[in-house]
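Asks: Each chain, written out:
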Amino acid sequence: MILIAGISDETPVSQVIEALEGSGAEYRVFDQRGVAAVHMTLEIGDAAAGGALGGYLELDGETVPLCRITGLYLRTMDDRLLPEIVNAPVGAPQRLHARRLHELLLAWADLMPGRVLNRPTAMASNQSKPYQAQIIREVGFGIAETCITNDPDAARAFIARIWGEGGGVIYKSISGIRSIVQKVTKHDLDRLDRIRWCPTQFQRLVEGQDIRAHVIGRTVIATAIASAGVDYRYAARDTGTPAQLEAVTLEPATVARCVALSQRLELPLAGIDLRRTPDGEMVCFEVNPSPAFSFYQQGASQSIATCIAHYLAGDCD
Amino acid sequence: MLVILCHPDDTSALWLDRQLSEAGVDVTLVSVEQLVFSRSITHALTSTADTGTIRLADGRVLHPEAIAGLINRVRFVPTQHFTNAATGDREYATAELHAFLLAWLNGVAGRVLNPARPLLLGGGINDMAAIRHYAALAGLPAPGWSRTTRRVDFDSPVSPTHDVIVLDGRGFGPIIPAELLGGCGRLAAYLGTPLLQIAFSRNAVGRWEFLHATAKVDFERGGRPLAAALARTVAA
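The listed protein sequences correspond, in order, to chains C and L.
Numbering-wise, the numbering used here puts 122 at position 122 of the first sequence, and it's gapless, one number per residue.
Numbering-wise, the numbering used here puts 135 at position 135 of the second sequence, and it's gapless, one number per residue.
These are calculated hints, taken from the structure and not from any lab test.
Cβ coordinates follow ideal geometry from the N, Cα and C atoms, glycine included.
It is possible that part of the hints are untrue.
[Stated by the list, open to error] Okay, the calculated bits of chain C under chain L, using three or more residues with CB under 8 angstroms as the criterion: (1) 23–30; (2) 40–51; (3) 66–77; (4) 135–147; (5) 214–228; (6) 232–241; (7) 288–300.
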């Protein structure tokens, strides 16, 4: 049995549910919006039992033994921000129940022996872009030259050097908190003193073709993105023209590197952001552990949800 | 140079610093607060390496590429300088500092004990289900454990009688049976925490029970042999 955990009408989640429905796989859905009616018990066996996992999930009037669940698609939002919880007072029973349930669910997701997309601990690597970049570099992808600093003089020197070489510089968040990638302009130089409060990430602008590679197990589905914007996700807003998406086939070496990167990060489902430079180098920016693949699936007519469903069912590696 | 990175109230780290200094080890004590509130931070990543400079307020300068080893005792990110910021800005800046520190620790050239983890900068793991699961898997005498949303459970407070420390599988502190020590080494490996403190209770009839494990090691319990082993291991 496969368990889907998340908001059931959120597009990526609903597309996986639809794909599972189409494949005939047995599945259940834990919709976070109904968290108040869901219960969970997690059991850890003693030494004689080798710490075996047990317990059950009480869902929609059914008690599902955890040992029956062999695949898990986890795309949960922070339970503290659920509309049903966000305004509940600290210590309110519904808030405590939701927290406890999610703690148990995530603890089990880290330990359960089946196929998990993705395990919570592994997903945390996305909380630091430079940390991910260090790992990306280890598997052989190029990374963008980066300077993280709270020293305005160091930032000015980095920017001046790259501008002097005819290049551009962008800035973006260091953490996993979503930020819109912005190009550094001359106007920004006047407010660089503000970075003294907190280190800020500056990066050499890498010119080239954006590619999003979704890794599902050992399968790689790649999408090429054409956009005039610095951050193609906001192209329509910034340039008036939305990004154009197209399915693309990557060369075997890049495919192998994408799979190696997802394995190194222990993320069997990964959304890898790549850019192919004019001289053919493949630069990798980050790896999204919970990719909103529906944007690419719809834009380039690709079957990412179906591939996820097959992986969860154990039909492919 | 070996760096001990800790908070000012970490008496165990201060003890280790004193032991290592007296033994003639080239060690420098840096507080996490000194690092975060330093005069300047610059960290560069290229396709080949990490380099950087942190200028502390007391004039010392840290280069991650020149640190031969680091004892990592980070428990939290100091954010007093964001106290008066709006909640959203404070949360953003805290996440940014956490993200930077994770990469900085991971970019240290020498060995870092324990390695920083994305969820825990000081390394290790604090999820009780995982610790119990891996302790039992490692063959330690861990009793069964369960939690449910149906009621609130608490572990019965049992005081440890033996706190054992393992470093790369070698035991320090009180003497325990060899099979238990072997299990401690396996648990540390499962948890990806080479330096681990494991608490046991031994009752009147000699029955051992696993209680918990932590990466927040009390170095003093391992004594001078642990201090010497750390100096050898981290600076090797």
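Asks: Now tell me, hint by hint, if it's right for this structure.
Replies: Comparing the hints with the structure gives:
{"no.": "1", "hint": "23–30", "in the structure": "violated (count 0)"}
{"no.": "2", "hint": "40–51", "in the structure": "holds (count 11)"}
{"no.": "3", "hint": "66–77", "in the structure": "violated (count 0)"}
{"no.": "4", "hint": "135–147", "in the structure": "holds (count 6)"}
{"no.": "5", "hint": "214–228", "in the structure": "violated (count 0)"}
{"no.": "6", "hint": "232–241", "in the structure": "violated (count 0)"}
{"no.": "7", "hint": "288–300", "in the structure": "violated (count 0)"}
Hint violations for this structure: numbers 1, 3, 5, 6, 7, all remaining hints satisfied.
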